[in-house]
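Q: Chains as they are written, first to last, in the working numbering: chain A, 1 to 325; chain B, 326 to 560.
Quick caveat, the hints were computed from the structure, so don't treat them as lab data. Certain hints may be false.
Claimed, not checked - Estimated spans, in silico, between C-beta atoms of each pair:
#1 A/N36 - B/A428: 25 to 31 Å
#2 B/V341 - A/G126: 21 to 27 Å
#3 A/V8 - B/V517: 40 to 46 Å
#4 B/F338 - A/E5: 42 to 48 Å
#5 B/L349 - A/S113: 51 to 57 Å
#6 B/I490 - A/N131: 46 to 52 Å
#7 B/L457 - A/E67: 55 to 61 Å
#8 B/V341 - A/A122: 30 to 36 Å
#9 B/V341 - A/F11: 34 to 40 Å
#10 A/N14 - B/V341: 55 to 61 Å
#11 B/L510 - A/L128: 51 to 57 Å
#12 A/D109 - B/F338: 22 to 28 Å
#13 B/L349 - A/D109: 38 to 44 Å
C-beta: ideal position from N, C-alpha, C; glycine also.
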Amino acid sequence: MVKVEHLVKRFGQNYAVNDISFEIGNGEIVGLLGPNGAGKSTTMNIITGYLSSTSGSAKINGVDILENPIEAKSMIGFLPEQPPLYGDMTVDEYLNFVFDLKACSFDRDAHISEIVNVVKLADARGRLIRNLSKGYKQRVGIAQALIGDPKLIVFDEPTVGLDPKQILEVRNLIRTLSKNHTVILSTHILAEVQAVCERVIIINQGKIIADEKTSELTKAIEEGYHYEVKICGPTKDVAQALGRIRGIKTVTSTGERDADAYAYIIESDRGIDPRKPIFNLCAEHSWAILGMAPMGTDLESIFIRLVDRDNGVEAKPKQKQPRAH
Amino acid sequence: MLAIYKREMRSYFTGVIGYVFLVLFLAIGGAIFCFTTLFSMSADITSFFTYMMIVSAVMLPLLTMKSFSDERKTKTEQLLLTAPVSLTGMVFAKFLAALTMFAGSLIINSLYFLILYPYASVKTANLLGNVLALLLVGMTFIAIGIFVSALTENQLSAAVGTMAIILVFLVIGLVNLLLPANFWLRYVFDCVSIFTRFQAFTNGYFDLSSLLYYLSVTAVFVYLTIRIYDRRRYN
Chain A
1 MVKVEHLVKR FGQNYAVNDI SFEIGNGEIV GLLGPNGAGK STTMNIITGY LSSTSGSAKI
61 NGVDILENPI EAKSMIGFLP EQPPLYGDMT VDEYLNFVFD LKACSFDRDA HISEIVNVVK
121 LADARGRLIR NLSKGYKQRV GIAQALIGDP KLIVFDEPTV GLDPKQILEV RNLIRTLSKN
181 HTVILSTHIL AEVQAVCERV IIINQGKIIA DEKTSELTKA IEEGYHYEVK ICGPTKDVAQ
241 ALGRIRGIKT VTSTGERDAD AYAYIIESDR GIDPRKPIFN LCAEHSWAIL GMAPMGTDLE
301 SIFIRLVDRD NGVEAKPKQK QPRAH
Chain B
326 MLAIYKREMR SYFTGVIGYV FLVLFLAIGG AIFCFTTLFS MSADITSFFT YMMIVSAVML
386 PLLTMKSFSD ERKTKTEQLL LTAPVSLTGM VFAKFLAALT MFAGSLIINS LYFLILYPYA
446 SVKTANLLGN VLALLLVGMT FIAIGIFVSA LTENQLSAAV GTMAIILVFL VIGLVNLLLP
506 ANFWLRYVFD CVSIFTRFQA FTNGYFDLSS LLYYLSVTAV FVYLTIRIYD RRRYN
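Isolated chain A (complex conformation) (with noise of 0.2 Å):
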């Protein structure tokens, strides 16, 4: 379904792409995950028409974006990082509007109720899309690429800036959606890409670093053994009979005091859960066991992580707390 080659895209001096290739094939839902400035967006508006490459290609079904834009583009949906919205029309007016663009051949009344249902619009389609909510417009904005039943669709950060329901609902939508249709959306969000892709693109400066199954990624995170553990106990045996553990590497006491218990850091070998013995051990010695939790799940952890696998070297994950996501 698309198919991009050795993508570059250069502004001045830097490289927002760097050597980008990568193919999704027909009903896949891709996403694209790296931080703010990785080149998500760049990519994504490569293969959608708006920017043009600086080398390299990217095809629509065998079609190149660059040759022979009109037919590429109309098979793709498009919604932008910011929803392409003219504030002066109704919901109504600008769905027709965009009807009309893209040259639907479609029986318009028909095709517009049915998306309207869909990203569940009704209630709104006589609004001004001014005076719309941030969660309404995305809507109106997601309605926009749907908008001609596109083979394709770009998503590009579909539930910035929506409150937690309206992300849950959006996510559920896109997952809808890609039984019929094969989706790229990007994110820096490492949840959503868990929650909704089958497959993940991990891009970080303009490279992509990994391009694998989502639960491949999700195994490669939890290899490395990092745990925040929180016991009620002597300090000094705590840490000793912990350190006596078959596997565990280091302990450090972060000195963190919660209640009355106390923090420590604990790195295993590779491939060795010490959740186990830890509990066991606490057990014996009845030293209570507050929190245990795994570290270093931010994306920039990952990214170290993603990084340091590729080149065999075990990863050290950042000090730092769980990403709340």
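For this one, chain A is given, so just place chain B on it according to the hints.
A: Showing chain B alone in chain A's frame:
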């Protein structure tokens, strides 16, 4: 292309710009008509259209200032540029929408001259020539306007920039007053001056070279607008 044209026409009337333009253009046109013909008891066509050309030079930038700058500011251009529409179609749609507004108000203004028919001998051919000339000049101004509006995302800069370029095209002929006779630059300036060429029409000549001049200046600016959008994708 038709979709963009329709949306553009609509947006003139959902905002204030369309109404402000029509009200001012028609009101000023009416006042000028009164002064140049009714009050001075003459069936003079030339001075009305000369004044109206100056009015157009000020008013048309207001009509075109929004066309691309606003799309860029609100990022709606991303919708147009990723839709299956050619750049040429997009630029022409905007150009034609502004031209429709201008042509409509110009035709209404020209109808004033029907009042004079019972009382004076109005030269119909001369009248039509003047309408055509003003239409051509307006077309040129609109092309300049959408070109400048594609350069910036600030409407005010677009309007002021357009007026500045139009002013240069208008007054370049006046520089000739300072130049010695038979100096070669005089010839160049006369060729380029919109005003000098317009005078030929108002005086009753149908000047084919001027017709071509207006059409080609328009074509150049429309082409440049398309090129700007084509070029911007690479930056």
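Q: For which of the previously enumerated hints does the structure constitute a violation, in increasing order of number?
A: Hints 1, 5, 6, 7 and 10 contradicted; others consistent.
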